[in-house]
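Enquirer: Spelled out, the chains give:
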Amino acid sequence: MAQSPINVGSVLARCGRKCNVAFRLASAGFWRVRSGPLYTMSSFPTRRCLAAVALTVGLAIATPAAASPQLVVVLNSDEASLSIVDRQTMKEVDKRSIGREPHHLMLTPDGKELVIGSTTTNELTFLDPITGETRRRIRNILDPYQLGFSPDGKWFVTAAYRMNHVDIYEAKDFKLVKRLPLQSLPSHMAFTRDNAQVLVTMQGSNQLVAIDLASQEVVWTADVGEAPAGLYAMPDGKRVLVGLTGEDAVAVVDLAQKRVVKWVVTGKGAHNIFRMPNDETRVLVTNRLDGTISLFDTTKLEVIDTIRAPGGPDDLDFTPDGKQIWVTQRWRRKVVAIDLATKQIVATVNVGRSPHGIYINGPHTVSRSVAPPPEPTDDKTAQTPKASLPDLLPKVLAPLFR
Amino acid sequence: MQGLIDIWVDVQSWILETVVHPLLFRFGYMTFFEDAPFVVETLMLGVVQIGVILLVFRPLERLAPAEQWPDRKLARVDIVYTLLSKLGVLPFVVFIVLYPVNDWLQDLVRDNDLVLPTVEQSVPWLRDKPLLLFATYFLLYDFAGYWLHRMQHAFPWWWALHSLHHSQRQVTCWSDDRNHLLDDLLASVYFAVVALLIGVQPGQYVVLLLLSRMVESLSHANVRFGFGRVLDKVLVDPWFHRTHHARASAAEPHIHDSNFGAVLPIWDLLFGTSVYDYKRRPTGVDTAEADADNGKGWVGQQIAVAGRLARAVLATFRPRQAIRPAE
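Note that the protein sequences, when read in sequence, are chains B and Y. Residues 1 to 402 (the numbering used here) are what the first sequence spells out, left to right. Residues 1 to 327 (the numbering used here) are what the second sequence spells out, left to right.
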């Protein structure tokens, strides 16, 4: 009878999740042996592995908080869980319980914590953005669907999709300052470049609502089209792009005129909008019905390329090298990695039900409301300015396995 | 297992991408875009349930019937109820009607800042134990269901509605969904309130919810077996629920006011409403008015029961006498 292999590396990684080195070794696929009822020691490279374990443990102790640029956090919005995906093995390596129906996530202004909103549990969970460990929770945040910090780091704003309101909290202590009841289904938000307003799309009442952060009142409302969702504040500070999920286009709204001045066709179900790494003039627009992602030039206001991404692409994030996007496929219960150069899907990973928000630890993450820190040049130095010991480990250990 | 999940998700995705989403887009209902996967999955689960009824429960009814009938004419209307319910027609109507009610409830919570602690917030130890957490929610919902069922029997006006479920003289595996539309609506409002009070179950347990619906269909099946004298204290079986559907008589005027549990009999054991005498009794009601439901079609029954409700409301000050059997 065929026996399933026991991946000892994977077991080790689970036992000591904080042990980044073991994690990297497991990811590299070391120590994979075929099992009997228990794995047979005769087939097990005991000496080599003991040496490797000793080295691993030693190095883990030496570098306990080493960064893991391989970590991807995926929120399973139809569950009460998040998936941790390893980008190297392209597998879900952990699934953790959090509050129910987590949809979106956002880094705190200092970038030290990743905030997740659990909408039906009415709470925020704070993770370590590097290790993914839970640090703290804050309760009584009513229906925190979409989250955002004002670029000055002063305000924390939530859009309550189910409860039809926008809440403004003090970012320093998450104390509620203002609740603004709105019409129907506030879904996405963006802050204006001058820090003065937060713009919110109303997916049910087809509006764009502008809220003044100083007075904390709605200052204007504009009809923008069917089921508006994702927003992108243009670099000129004068216009904003709105993804229209009920249409096949992105609307360009002039903030001074407070109206739509142009529609640009992208694809059916145009939904969310993300700035390309290091480039404010190009954004990606997910078209959920067409199953495509449009590369959109914000200066010419036109689509310059289209990437096929079947399965209703929703949220995405960029890898630290900026070469790949990882996209959530809500109803397919998967995330896919797409190479931006070849436009090909390079990996598909099974996660939980209705994966929505996604976070990749790195300089190009879209889950950042404030200006990113100086950008390193490649993947391996994304979190640590110089090559870390875990990155060197495979080379160090390679002779053991020859 | 992952293979089965993949097939399930592939079928769901195909239905969504080729049928549902284009229709929503075409007719401007993209507001419901995010709800579509749930609706499609509910339909798929309904198809699976109907398949299990046809392929498992019906053969069991043929093999070992509890009651022998010359024909199953009276049971046919229950097939209509099952199809309308499990294929989403009735739930859709309930959803449309309840939409404003749900909005009102949500606003009530928001405007009064009624953020109640959820189970896992009250008992943080349960946070990292999803199966135990689910079991807790399942217990709470089944407990809520038990008391809903008791209210359906206790209030004369509600019994006027619920007596339709009991009036069937040929209770079969199709009978679980035989309910008046208003009865379904009231139950939905009740569970919406419960959901707001204690939270809702995470979607990943949809398979277990399917199994609970299966238990309910099986408990209505016309079969003469149970789960044994130990297991039938754990899970509702056909013997247990058939007693609940027993026709009242002068000797046992309240026999149907027993065994209210839908999935777990523990509530009946705790609150003294369980009957485990393993006697075979005919099913149905002993009042001519409700018994007249037999022989009517779906529309006829809905109209007749609406009239019964109206009379019960008018007779509020003379509760139960005109409606309840054997009183």
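Watch out, some of these pointers could steer you wrong.
[What the hints assert, rightly or not] Restricting the straight-line Cα-Cα distance to at most 20 Å, the calculated cross-link-like pairs of lysine to any residue (SDA-like) are: (1) B:95 to Y:125; (2) B:175 to Y:109; (3) B:95 to Y:2; (4) B:334 to Y:40; (5) Y:129 to B:136; (6) B:334 to Y:129; (7) B:334 to Y:109; (8) B:334 to Y:12.
[Stated by the list, open to error] Not everything, but these chain Y residues come out facing chain B in the computed CB check (under 10 Å): (9) 24; (10) 121; (11) 140; (12) 142; (13) 213.
[What the hints assert, rightly or not] Which bits of chain B does chain Y cover? Going by a derived footprint, with three or more residues having C-beta under 8 Å, they are: (14) 258 to 264; (15) 272 to 279; (16) 330 to 337; (17) 354 to 367.
No lab work stands behind these hints: they were computed from the structure. A virtual CB, placed ideally from N, CA and C, is assigned to each residue, including glycine.
Enquirer: Hints first: check each against the structure and report whether it holds.
Expert: Here is how each hint holds up against the structure:
1. Among the hinted pairs, residue 95 (chain B) with residue 125 (chain Y) is consistent with the structure: their alpha-carbon atoms are about 17 Å apart, no more than 20 Å.
2. With a CA separation close to 19 Å, the supplied pair residue 175 (chain B) and residue 109 (chain Y) stays within the 20 Å bound.
3. Restraint check: the Cα-Cα separation between residue 95 (chain B) and residue 2 (chain Y) comes to about 15 Å, which is no more than 20 Å; the hinted pair holds.
4. Taking the CA atoms of residue 334 (chain B) and residue 40 (chain Y), the gap is about 18 Å. The hint holds against a cut of 20 Å.
5. In summary, the hint linking residue 129 (chain Y) to residue 136 (chain B) is supported, as the alpha carbons are separated by about 18 Å, within the 20 Å threshold.
6. With a C-alpha separation of about 24 Å, the suggested pair residue 334 (chain B) and residue 129 (chain Y) falls outside the 20 Å cut-off, and the hint is violated.
7. Using a Cα cut-off of 20 Å, the hinted pair residue 334 (chain B) and residue 109 (chain Y) is violated, with the two alpha carbons roughly 34 Å apart.
8. In summary, the hint linking residue 334 (chain B) to residue 12 (chain Y) is supported, as the alpha carbons are separated by about 13 Å, within the 20 Å threshold.
9. Interface restraint check for residue 24 (chain Y): the shortest CB-CB distance to chain B comes to about 9 Å, inside 10 Å, so the restraint holds.
10. Below 10 Å, beta-carbon pairs count as interface contacts, and residue 121 (chain Y) has one with chain B at about 6 Å; its hint therefore holds.
11. This hint is violated: residue 140 (chain Y) has a C-beta 14 Å from the nearest C-beta of chain B, more than the 10 Å allowed.
12. Interface hint status for residue 142 (chain Y): violated, as the beta-carbon distance to the closest one in chain B is roughly 19 Å, over 10 Å.
13. A hinted interface residue such as residue 213 (chain Y) counts as satisfied when its beta carbon comes closer than 10 Å to some beta carbon of chain B; here the least separation is about 19 Å, so the hint is violated.
14. Proximity of the segment 258 to 264 of chain B to chain Y, defined as three or more residues with a beta carbon under 8 Å from a beta carbon of that chain, is not established by the 0 residues found.
15. For the segment 272 to 279 of chain B, the assignment as covered by chain Y is violated, since 0 residues bring a beta-carbon within under 8 Å of that chain's beta-carbons and 3 are needed.
16. Counting residues of the segment 330 to 337 of chain B whose C-beta lies closer than 8 Å to any C-beta of chain Y gives 4; at least three are required, and the coverage claim holds.
17. Counting residues of the segment 354 to 367 of chain B whose beta carbon lies closer than 8 Å to any beta carbon of chain Y gives 1, which falls short of the minimum of three for the stated coverage.
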